[in-house]
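Assembling the complex is the task here: the two chains are given apart, and the hints tell you how they should meet.
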Amino acid sequence: MEKEVLAILENILGEDLSNQMDDNYFDNGLMDSMATVDLVLALQDKFGINVPVSEFDRSKWDTPNKVIERVKELADN
Amino acid sequence: MAALFIMDFKWVNMIRDILSKIDENAINDPNAIVYDNLGKQNNYADLKEYSDSLAAYIDQLGIATGSPIMIFGGQEFEMIASFLAAAKSGHPYIPVDINSSEERIESIIKIANPALIIAIKELPVKISNRPIVELKQLQDIFTENSNYQIEHAVSGEDTFYIIFTSGTTGAPKGVQISSDNLLSFVNWIIGKKFNLPKQPITLSQPPFSFDLSVMDWVPTLVLGGQLKAVSRELADDFKRLFQTLPEYNPQVFVSTPSFVDLCLIDPDFNEKKMSNACYFLFCGEELTKKTALKLIDRFPKAKIFNTYGPTETTVAISQVEITKKIIEKSDRLPIGYPKEDTGVAIFGNQQQLLPEGETGEIVIYGQSVSKGYLNNPEKTQAAFFSYKGQHAYRTGDLGTLDAKGLLHYCGRKDFQIKLHGYRIELEEVNHALLKSRFVKQAVAVPRYDDDHKVSQLLAWVVPRENDFAKKIDLTKALKEDLKEVMMPYMIPSRFVYKESLPISANGKIDVKKAVAEVNNG
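If you read the sequences in order, they're chains A and B.
For the first sequence, the numbering used here begins at 1 and goes up steadily by one.
For the second sequence, the numbering used here begins at 1 and goes up steadily by one.
The set of hints was computed from the structure by calculation and includes no laboratory data.
Here the structure is a predicted model, which means the values were calculated and not measured.
Think of the CB as a built atom: it goes at the ideal place given N, C-alpha and C, for glycine as much as any other residue.
Take these hints with a grain of salt, some might be off.
Unchecked claim - Now the stretches of chain A that chain B is said to cover, found in silico as 3 or more residues with beta-carbon under 8 Å:
(1) 5-11
(2) 38-44
(3) 52-59
(4) 62-71
With the rest of the complex left out, here is chain B (with noise of 0.2 Å):
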């Protein structure tokens, strides 16, 4: 009786069910306003609606049982009313950015082969071979007001949702994350380890295709709070992002450091002006000791948390909260106590269990770890296996733990960098690079700040000859041939034109020499 009772108890703030949660909000409050883009806000009925409508529709166009519908937008509602009614009628979503390159575009449809396309902002891509939704229909679907009951969502070890990173090879892949896995990372940021407002007003900044979204956009719905949009267009204007988010004046930041760095040079950036911002919650790049230390000095109240996880594990695994005594003990800051449900372990090279406090690679397993990349047993297997009879992925993250069973970073193993939160493979920089017409040979090359951040990405090139008068010249039509094949955030910001490469013993071209020229040099 007495165990079944502590049971009970601890299911008190856990939730069963991420969608039925989100309804039984709108079902309560129906006026309470969910989304709020600059003014244009929409509340929980439509969101209730919108999604419950479009599922209706998805339903009757007869697409295979679980094949994945593709999203296409930027920071607007009706993504995430999209994203709810692909769940509802039980197909995953797969999230793209508006600032997608075409060629990024075209090989996840061929990779994904979506039954269906959502395009909320016009695709630069003609799509012939299969259904199509856009803005205009979309509208008129959300209002049909169908009274939808769920019987078929995704559930259990169901893909919710795809996100696609970069690859090696120059192809993205796509990162299945099952019902599971979502609810268990859900569970455990409006648990007690963060213990976060009720009803939270969260800012939502990052792309919905970044799955450091999930971390803002999933626990506030849960929680029937209120997201407030910073597209990417409002913050690069600085003037108008300044002015914007003390009339947001949200409760919750979920971001990359480098976007409170960006924050942080608004001396309006404080406690006074934002007097409602009481938690920060950082992943997707190493959090900064400086930068952590300027926000404590800015907002002395807040509750600061460091957390990391790659994509393949779910958004985050791990949590601490940075106090000004760990980071004045610190050299580093720590990445976080693995969640209860999902380990961590450290590997040698020979892929044995290293001791504590030594330095290998971290390998996290359990509740939170992906089924793999879709459509890529390949990869996949290279990435996943089995370890204590549990699912587990190698991250290629290099850490330790210490005797407190608290994690910290020391790097990567290979050529994967994080350039202000976003996962860049150098591979795919390199082949994308090689396909421009200018280019004979060529290497990406990271620069780090003093604080082993990478501050910027250049390129090396060894060109094909040309008849340009000037590099500037030469520079700015081969920028305008990568905006074709890659992610606007992995075109280098500087080329530096080359006789030849370095090369390595072994024949290949030697990225550490470069590396080290470029920042020693």
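Looking at chain A on its own, in the form it has when it is part of the complex (with noise of 0.2 Å):
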């Protein structure tokens, strides 16, 4: 799974970040909202999960491992 959120945010992002697991991509520039926006469609896409948008915080989704731990939670769900 977590091989597969990687490969969903190179093919957003076009960088591998499985070097920079924690690091906020929001702050280096590399992510923004037109991007959470593919991000969010590709990963309800890949692992049938529903991410509540309407409670979207985007301070629990910035870097690599919080996306992976969110959508463990959407799947367990």
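Quick look at the structure:
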């Protein structure tokens, strides 16, 4: 699952983030609102989860590791 | 007699003067809300009082007739009141967005030489050689409540607004839109082709420095309607945005397809929760079949219009309603039928007129075409000319006209791209990249998605020698440098470091090769 999340991020951001698992990609300008839209759609598609966007808190999705955590949580629900 | 009657009848839905029509709405219904910014509301009486008082203040400053006024800020009501005040007192206004880089602001001041600056938000640059009105003083001026008589407002060929766009040499170009240009545009939007609601409630999302905003605020005010403001902070905060949209519940959406793509990730963005939404007007970038289909699925009863036009021809000049049938039979959605007073011709490489169905450069002529770029005769002459006795503009867009006179878009002639609706000259990005002390050589490279839309802007950089331990540190330092010299939306999101760049046969950086590698590699 980690690999798949990283593949999605690489596809959207064009960069392999496997050595930046805890770097905030909003802060370094790699991710923006529109890329977040792509991320949410790709995660829903790939894992069959529902990302509750009306409760979306950017600070819980701002590193690769946090995305992996969120996907795990949502898949367990 | 009969002919006269028909002409009069045609005028029923048309207006002759934007400023007096908005004032008339204020007199007829002063308590109607005109602007709602997250519950902070202003009515039409405020709009008239503020703009009249500020116009009177500008008059007594004694600045030269017709000299431009720069208006700096975000998505505030004071911006619109100031635009109208400038126009009432006979001055073009230049909207400059709060997210502009210092260098952008400085070059606009240098090119336009504004006689007055109204700073609704704090300016990041020092102003010493011209008058400036800041928010606190502006608020005092607004309530002086002068009974202003419109006597020398902008009209006819006078410039109503100047919007700066990306220029290839790094210097932005100020597109001058006249009162006549704007009047023709507004009459088209409020006319029977779109058939908007009587007093529309309209979402106001694009920044005022982006001319798509003219499509929401001017027609809405002329029709006595209400604007619901979405600031950039709100658009970036999904949770708050998705709470606010159903509360706003607008009838008319004027936006880029990108903004609607963003809204569509919320499953509650649908007819049930947004019960008033019945019109979607798109411009600024390509509307894909995918976005249109999703939207029709969520809002089966709404009317969706695709429109097209560069800033140089007053926001948009063509429109077509996008139905399921059109989506099914198109590979790429059409961009519309030209408005009545404006023509479209397709030119070949030798500037010859191409027949129907052939692809060439889209040339626009007639009532919508700007007089040219402010204080820039060279660029004006390169892009504007006379065709069929009318003012014409070479768009640099490629397209075809079909047998029905419907226009289809086929890409760009040059290195201009649209990223989430923002118009960017790649050469301008290259210029800015080279200003950084860390860069030896650089080229901006767009990455495209499956629908031929730019999804990301990259920079290929040959760095100068540096002491950074990690690439990410170099990237961070570089981005800091670039914030000073370019608009945030132009800054590449990703930097790829190279030993050298591909060079073409004529010795220049081979952009096409870089684009091909990024998109196929």
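Structure-based check of each hint:
1. 5-11: violated (count 0)
2. 38-44: holds (count 3)
3. 52-59: holds (count 6)
4. 62-71: With 0 residues closer than 8 Å to chain B, the stretch 62-71 of chain A misses the three-residue bar; violated.
When each numbered hint is compared with the structure, violations occur for hints 1 and 4.
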